[in-house]
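2 protein chains.
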Amino acid sequence: MDPLSVALAQVNPTVGDLEGNAQLVLASARQAAAQGAQVVVFGEMVLTGYPIEDLALRTSFRVAVAERAEQLATELADAGLADLMVVAGCLGTASDGRPTNTALVLTGGRIEHVYTKQGLPNYGVFDEYRIFAAGEAPLRFGAAGHRVGVAICEDIWGAGGGLAHLGEAELDLLLVLNGSPYERGKSHQRTELVRQRAKHLDAAVAYVNLVGGQDDLVFDGGSFVLDAGGNLLGSSAQFAEEVRTVSVPALGRAGEDATAVAPDNDDDTGQMYDAIVLALADYVRKNGFTSVLLGLSGGIDSAVVATIAADAVGAQNVVGVAMPSKYSSSHSLADAEDLANRLGIDPQNYRVQPIEAMFDSFQGELALTGLAEENLQARIRGMILMGLSNDEGHLVLAPGNKSELAVGYSTIYGDAVGGYAPLKDVSKTRVWELARFRNARARQDGEIEPIPENSISKPPSAELRPDQRDDQSLPDYDILDPLLDAYVERAASQADLVQLGFGADVVDQVTMLVDRAEWKRRQYPLGPKVTALAFGRDRRLPVTNVFREHPGAAER
Amino acid sequence: MDPLSVALAQVNPTVGDLEGNAQLVLASARQAAAQGAQVVVFGEMVLTGYPIEDLALRTSFRVAVAERAEQLATELADAGLADLMVVAGCLGTASDGRPTNTALVLTGGRIEHVYTKQGLPNYGVFDEYRIFAAGEAPLRFGAAGHRVGVAICEDIWGAGGGLAHLGEAELDLLLVLNGSPYERGKSHQRTELVRQRAKHLDAAVAYVNLVGGQDDLVFDGGSFVLDAGGNLLGSSAQFAEEVRTVSVPALGRAGEDATAVAPDNDDDTGQMYDAIVLALADYVRKNGFTSVLLGLSGGIDSAVVATIAADAVGAQNVVGVAMPSKYSSSHSLADAEDLANRLGIDPQNYRVQPIEAMFDSFQGELALTGLAEENLQARIRGMILMGLSNDEGHLVLAPGNKSELAVGYSTIYGDAVGGYAPLKDVSKTRVWELARFRNARARQDGEIEPIPENSISKPPSAELRPDQRDDQSLPDYDILDPLLDAYVERAASQADLVQLGFGADVVDQVTMLVDRAEWKRRQYPLGPKVTALAFGRDRRLPVTNVFREHPGAAER
Chain E
0 MDPLSVALAQ
10 VNPTVGDLEG
20 NAQLVLASAR
30 QAAAQGAQVV
40 VFGEMVLTGY
50 PIEDLALRTS
60 FRVAVAERAE
70 QLATELADAG
80 LADLMVVAGC
90 LGTASDGRPT
100 NTALVLTGGR
110 IEHVYTKQGL
120 PNYGVFDEYR
130 IFAAGEAPLR
140 FGAAGHRVGV
150 AICEDIWGAG
160 GGLAHLGEAE
170 LDLLLVLNGS
180 PYERGKSHQR
190 TELVRQRAKH
200 LDAAVAYVNL
210 VGGQDDLVFD
220 GGSFVLDAGG
230 NLLGSSAQFA
240 EEVRTVSVPA
250 LGRAGEDATA
260 VAPDNDDDTG
270 QMYDAIVLAL
280 ADYVRKNGFT
290 SVLLGLSGGI
300 DSAVVATIAA
310 DAVGAQNVVG
320 VAMPSKYSSS
330 HSLADAEDLA
340 NRLGIDPQNY
350 RVQPIEAMFD
360 SFQGELALTG
370 LAEENLQARI
380 RGMILMGLSN
390 DEGHLVLAPG
400 NKSELAVGYS
410 TIYGDAVGGY
420 APLKDVSKTR
430 VWELARFRNA
440 RARQDGEIEP
450 IPENSISKPP
460 SAELRPDQRD
470 DQSLPDYDIL
480 DPLLDAYVER
490 AASQADLVQL
500 GFGADVVDQV
510 TMLVDRAEWK
520 RRQYPLGPKV
530 TALAFGRDRR
540 LPVTNVFREH
550 PGAAER
Chain U
0 MDPLSVALAQ
10 VNPTVGDLEG
20 NAQLVLASAR
30 QAAAQGAQVV
40 VFGEMVLTGY
50 PIEDLALRTS
60 FRVAVAERAE
70 QLATELADAG
80 LADLMVVAGC
90 LGTASDGRPT
100 NTALVLTGGR
110 IEHVYTKQGL
120 PNYGVFDEYR
130 IFAAGEAPLR
140 FGAAGHRVGV
150 AICEDIWGAG
160 GGLAHLGEAE
170 LDLLLVLNGS
180 PYERGKSHQR
190 TELVRQRAKH
200 LDAAVAYVNL
210 VGGQDDLVFD
220 GGSFVLDAGG
230 NLLGSSAQFA
240 EEVRTVSVPA
250 LGRAGEDATA
260 VAPDNDDDTG
270 QMYDAIVLAL
280 ADYVRKNGFT
290 SVLLGLSGGI
300 DSAVVATIAA
310 DAVGAQNVVG
320 VAMPSKYSSS
330 HSLADAEDLA
340 NRLGIDPQNY
350 RVQPIEAMFD
360 SFQGELALTG
370 LAEENLQARI
380 RGMILMGLSN
390 DEGHLVLAPG
400 NKSELAVGYS
410 TIYGDAVGGY
420 APLKDVSKTR
430 VWELARFRNA
440 RARQDGEIEP
450 IPENSISKPP
460 SAELRPDQRD
470 DQSLPDYDIL
480 DPLLDAYVER
490 AASQADLVQL
500 GFGADVVDQV
510 TMLVDRAEWK
520 RRQYPLGPKV
530 TALAFGRDRR
540 LPVTNVFREH
550 PGAAER
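In order, the protein sequences belong to chains E and U.
Residue 301 in numbering that gives the first Met the number 0 sits at position 302 of the first sequence, and the numbers go up by one each step.
Residue 1 in numbering that gives the first Met the number 0 sits at position 2 of the second sequence, and the numbers go up by one each step.
For the record, the hints were derived by calculation from the structure and aren't laboratory data.
Keep in mind that the hints are not guaranteed to be accurate.
The list cannot tell twin chains apart, which means a pair is met if one copy fits it or any two copies do.
What the hints assert, rightly or not - 20 Å max Cα-Cα, derived SDA-like pairs, lysine to any residue:
| hint | residue 1 | residue 2 |
| --- | --- | --- |
| 1 | 457 | 438 |
| 2 | 519 | 288 |
| 3 | 457 | 435 |
| 4 | 457 | 471 |
| 5 | 325 | 363 |
| 6 | 198 | 290 |
| 7 | 198 | 254 |
| 8 | 185 | 123 |
| 9 | 185 | 236 |
| 10 | 185 | 547 |
| 11 | 519 | 387 |
| 12 | 457 | 123 |
| 13 | 457 | 140 |
| 14 | 519 | 18 |
Okay, chain E solo, but in the shape it has when bound (with noise of 0.2 Å):
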C-alpha cells in the first residue's frame, strides 16, 4: 500500500467569519492538493473559529454555519478538488437541539463525513460543557486504503485517555483538530501526550493545531505527525500559518531511519514573546484597528510592550506619548525618546504631552493628598490617551504586568485604560527577560536593539510622588514573583508558602493584597495568556469573599 499525503494546514481564522474562514480552508485545500495531498487536516471549529463561547448557543449563527458549510463543499468540488478529503472542525447540531463541536470530512463534493467531538473541557480557560453536547459515536473512514480515525483536541487529553470512543478499532492514521493555546512549556506536553497515544494505538497521529490570537487565548500552531513508533515524519512551524504536506506510510509506521522527534525550541522566551506579538496583532487585524497608542514612561513595561506592538503592526502604526509630571526623574523623557528613536516610530507619532496644567487645575478644585493624588496624575495620562483613541481611532494598550495585577499595584482607570495590555500574563520578572531576549535578538540579527538599557537596568518606579520606587510598597521582584507565582498559579496555603522559605509577614502582605485586588482584575483589559494560569476566565474568584489564608491577615 502507498504511504498516505498528508497535509497540515495550520491557518488563522477569525472567529463569526464565516464567508474568511471558509475562504481560508478553500485557498488551503488548493495549497495542499498542489503539495500532491490526499487528505488535509484544519484545527478545531476553523470554520467558526475558536473559541466561540455563547455563540454558539444563538440559533441564527448555526443556521448560517451550517449553510456555509454546504456551500464550501460544493465550492471545493467547483474547484477541481472533489477528490481531496478535507477535514475541518465546525459548529453542528445534535439530535436534541443542542450545540455540538464537529469535525467535517468533505469530499465528492458533499459533507460525507461528521464526528462530534466527546470530551468537553470544562476547566481553566474552557466551558465547552457549558455550551456544548458531547458525541458518542467514533468515526473510521478509508483514505486511499489507510484506515483513518478523528478526534478533536480534548478526546486525546481526558481520563481515560480519552480515546475509548474509537474503541478496537484498528488505525492506520488518526487526525487529531486541536485549538490549543499557548502557555508556556506547553508544546513540550503536547508531543509527549501525542506520542504515547500513538504508540497506544499503534498508529500515526496527525495533530494539527490553529494558529492565531483570540482574545484572551493565542493558538501557537505547532502541527505535527508522528509515526505509530512516536517518530517524526514532519512539523509545523509555531506561530504561523502554513500548510506542509506529510507522507504517512501504509500501517503508520516509518521504517528505521525516521527522525525521532525533535527536541521542543527550548527557548521559553523567545516562544513567549512571539505569542504576544501575534496575539496582539490579531487581536488589532480582528478588531478593526491599525493602529494602536501608548504611554510612554521610560520605564521597563511601556518600552517592551511598545517593542511588541512595533514587532506586531509595525513601527509605523504605533504612536507614544510621553506625559512627564513635575515627579518625573530627568532619564524619563530621554529614555522615552530613545526607545521611540530605537523603535523607528515616526517623529510626529512620539508626542510629548506634560500633565502639569491638568493636574494643576484638578488640585486647584479637589486638593487631593497622598494616594488619591498619585492615581489622579495615572488616571490624567489615561484619560489623555482615551481622549487622543476617540479622535484618532488607535487602539489603547496597557503596560500593566501580572506582578502588579496581582497585587493590586496600578491605578484603575489610569495606567489600567485600554483595550488590550500585552504583559497582562507575564510578570515583572519575565518582563526584564523578554526585554533582554528581545535585545538580543536585534543583536544576532544585526539590527539596533530596541530597548534602552537604561529602561532595563533601572529601579522600577511609578514616578507618582518624588524618589519613588516600588520596593517601598512592595517586596524585592525576586522575592514577589515567586510567591505570586506559588499562591496564584499552584495554590499554595500561608503554611505552604512559610514552608518555601518566604517570610511570613511578607506572605501576609502579599496574600492579602492579591486577594483585595480582585474587583480591580475585573475591571482590567484583555491580554493573552502565556502561563498555566493567567487572570481573568482561567481563574475565577468572587470579588466578595472574606477567606484569607492567614486569619490575622482578616481585617480589611
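Fit chain U to the known structure of chain E by using the hints.
Chain U only, in chain E's frame:
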C-alpha cells in the same frame, strides 16, 4: 405519629467568612430550638457562602471549612442543641480529591450524615461542573419517625426530574437546600416546580433558599413548605433573614383545611427594587465599605441609584456630587439638589463641583472634538468621583442601565467608573418603572416621594453637547428596549426581529451597536442580575467576533 417541627433558616452568609457563617448557623439553630423545631434547614453552602467559584479549588480553604464544620457540630451540642437535627450546606471533598457541594446533618455533637449534590448546573451564571464532582448516593434519614430525604437546588430542577437519586425511597418529607438567585418572575416558577415534585414524591417539601447579595447575584429567600398535595404549610419573606418553624404533618400530608399556595407577590417591579437594594447593601457591607458616592446629574438613572443607595445604606451614608458643565441644562442642578433634599442626604454630603476648569485645561492642551470632547466631560466626572473615593473611602456607584450597556451608550472610564452598578441589568424603561414604584411606595407610607417628578418626566439626555437628547443617537426606548430584550435575552435573529415588527434599519443599527460594545461591557463594574439573562458571566461572548446578524451590517 406526631407532626415534625421543621425550621426554615433563611439566612445571609458571606462568602469565605467561615467564622461568621458558623455563628449565624449557631444563632439560628438556637432560635429554631426556641421555636420548638426538631429539624432546622439552611440554604445551599451556608457555611462557605455561595457561590464560591474557584475558591472551591483551593485546598487550604477546603481544609479550613472541614475543620469549622466539625467544630460547629461540637458547638451545637455544647449549646444544648444536641437533639436538634441541623441540616446545613457545606463544601466537601470527593474520594478522588475533587471538591463537592454538600449538605451536612449535624446532630448529637457530630456530623451524622453527608449528602453530595448530584445535579451540577453549568449554564447561565453557574459553573458547578467546572468546580465540583457530582455525588452518587441518595440520603434518607429518620427524624422522630419521619422519613426525611435531602436534595440540593439543581437536584430538583435538572432534566428527568433530577430526583432519580431518591429512587423508589418512600419519603414523608424532602428537604431542599437552595442557592437560587432572584430573577424577575422566578419565584412563581419555583413554587410550581416544587408543587410538582411534592405530588410526584407524595411527600412534603421544605424549600429553603439563601438570602442576600453576592457580587452579581442576589438570593431572594422566599423559603416555603408544601405538603404532599402541594398545599402551602408555611413560608418566609423575600429579601429578609428569617427563622420560621413549620409543622409538617405525618406522611407529609395536611388535612383538608390546608391553605392553597398563596399567590406570589405579583408586584414584579417592587420585587426587583427590593432585590437591587439588598444586592447593594450586601456588596457594601460584605466588602467593608460604609458609604457610597455617586454623581447626581438630575437625570433619572442617578436619581434611582441614589434612592436605592439611601434605602440600602441609609441616606446619611450617601454622598452625591453634582458636576455641572456649560452644556448642563438649568434644571439639572435644580433636580439634583431637589433629589438630595428629598432623600435627606446630609447637606455636607451633597456637593457641587463644576467641571469647567478641568475641561478647559484639558482642551487647552488637547483640543478634542466631537465624541472625544463628549467623553472627556464624562471622564472628568469619573476622575472627580474616583479622587473623592480614594480620599474619603466611599464605594463609587455607576449609574448605567442595561439599555445603555447593551448599545455602548456610555463613556468607558467616565460614567462607567465604579465598584458597583445597581441598574446594570435594568432596562431604561424599567428604570422609570422603578422610579414610579418607589415614589408610589413613599406616598403609600406617607413619606416624601424621593424622586423629583421632573427627573422622571424630562426627555433623557447625556448633556455632553448643546441640546443633546438620547433619541438623537438611539431609537426611542419604547422601541429600543423590546428590541434589546428580544435580541439579547432571547437571542432573536435578524429575521425574527423584523418579523416582530422592528424596522430592518433599526435592527441593523441596534444589533451592530450591541455586538460592538462587548469590550466595554467586559470592563464594566459588577451589578446585580435581576432578569433571565444579565450581561456578565450569564452571557459570555467573545470580544473578537465579526459575525453579524445581517451581512450588510458587517462593515465596522
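Going through the hints against the structure:
Taking the closest pair of Cα atoms, residue 457 and residue 438 come within 20 Å of each other only inside a single copy of the chain (16 Å); across copies the shortest separation is 60 Å, beyond that limit. In the homo-oligomer, the alpha carbons of residue 519 and residue 288 lie at most 20 Å apart only across protomers (16 Å), although the nearest pairing inside one protomer, at 26 Å, exceeds that limit. For a Cα distance limit of 20 Å, the shortest separation of residue 457 from residue 435 inside one copy, 14 Å, qualifies, whereas the shortest one across copies, 60 Å, does not. Proximity of residue 457 to residue 471 under the C-alpha cut-off of 20 Å is restricted to the intra-copy arrangement: shortest distance 15 Å within a copy versus 52 Å between copies.
Both within a single protomer and between protomers do residue 325 and residue 363 lie at most 20 Å apart by alpha-carbon distance, with minima of 16 Å and 19 Å respectively. Taking identical chains as interchangeable, the C-alpha atoms of residue 198 and residue 290 are never at most 20 Å apart, the minima being 48 Å within one chain and 64 Å between chains. In this assembly of identical chains, the alpha carbons of residue 198 and residue 254 lie at most 20 Å apart only when taken from the same copy (15 Å versus 70 Å across copies). With identical chains, the CA atoms of residue 185 and residue 123 are at most 20 Å apart within one copy only, with a shortest distance of 14 Å there and 31 Å across copies.
In this homomeric assembly, residue 185 and residue 236 come within 20 Å of each other (Cα to Cα) only inside a single copy, at 15 Å, whereas the closest approach across copies is 53 Å. With identical chains, the CA atoms of residue 185 and residue 547 are never at most 20 Å apart, being 32 Å at best within one copy and 34 Å at best between copies. Proximity of residue 519 and residue 387 under a CA criterion of 20 Å is satisfied inter-copy only: 17 Å between copies versus 24 Å inside one chain copy. For a Cα distance limit of 20 Å, the shortest separation of residue 457 from residue 123 qualifies neither inside one copy, at 36 Å, nor across copies, at 48 Å.
Proximity of residue 457 and residue 140 under a CA criterion of 20 Å is satisfied in neither setting, with 62 Å inside one chain copy and 68 Å between copies. Taking identical chains as interchangeable, the C-alpha atoms of residue 519 and residue 18 are never at most 20 Å apart, the minima being 38 Å within one chain and 26 Å between chains.
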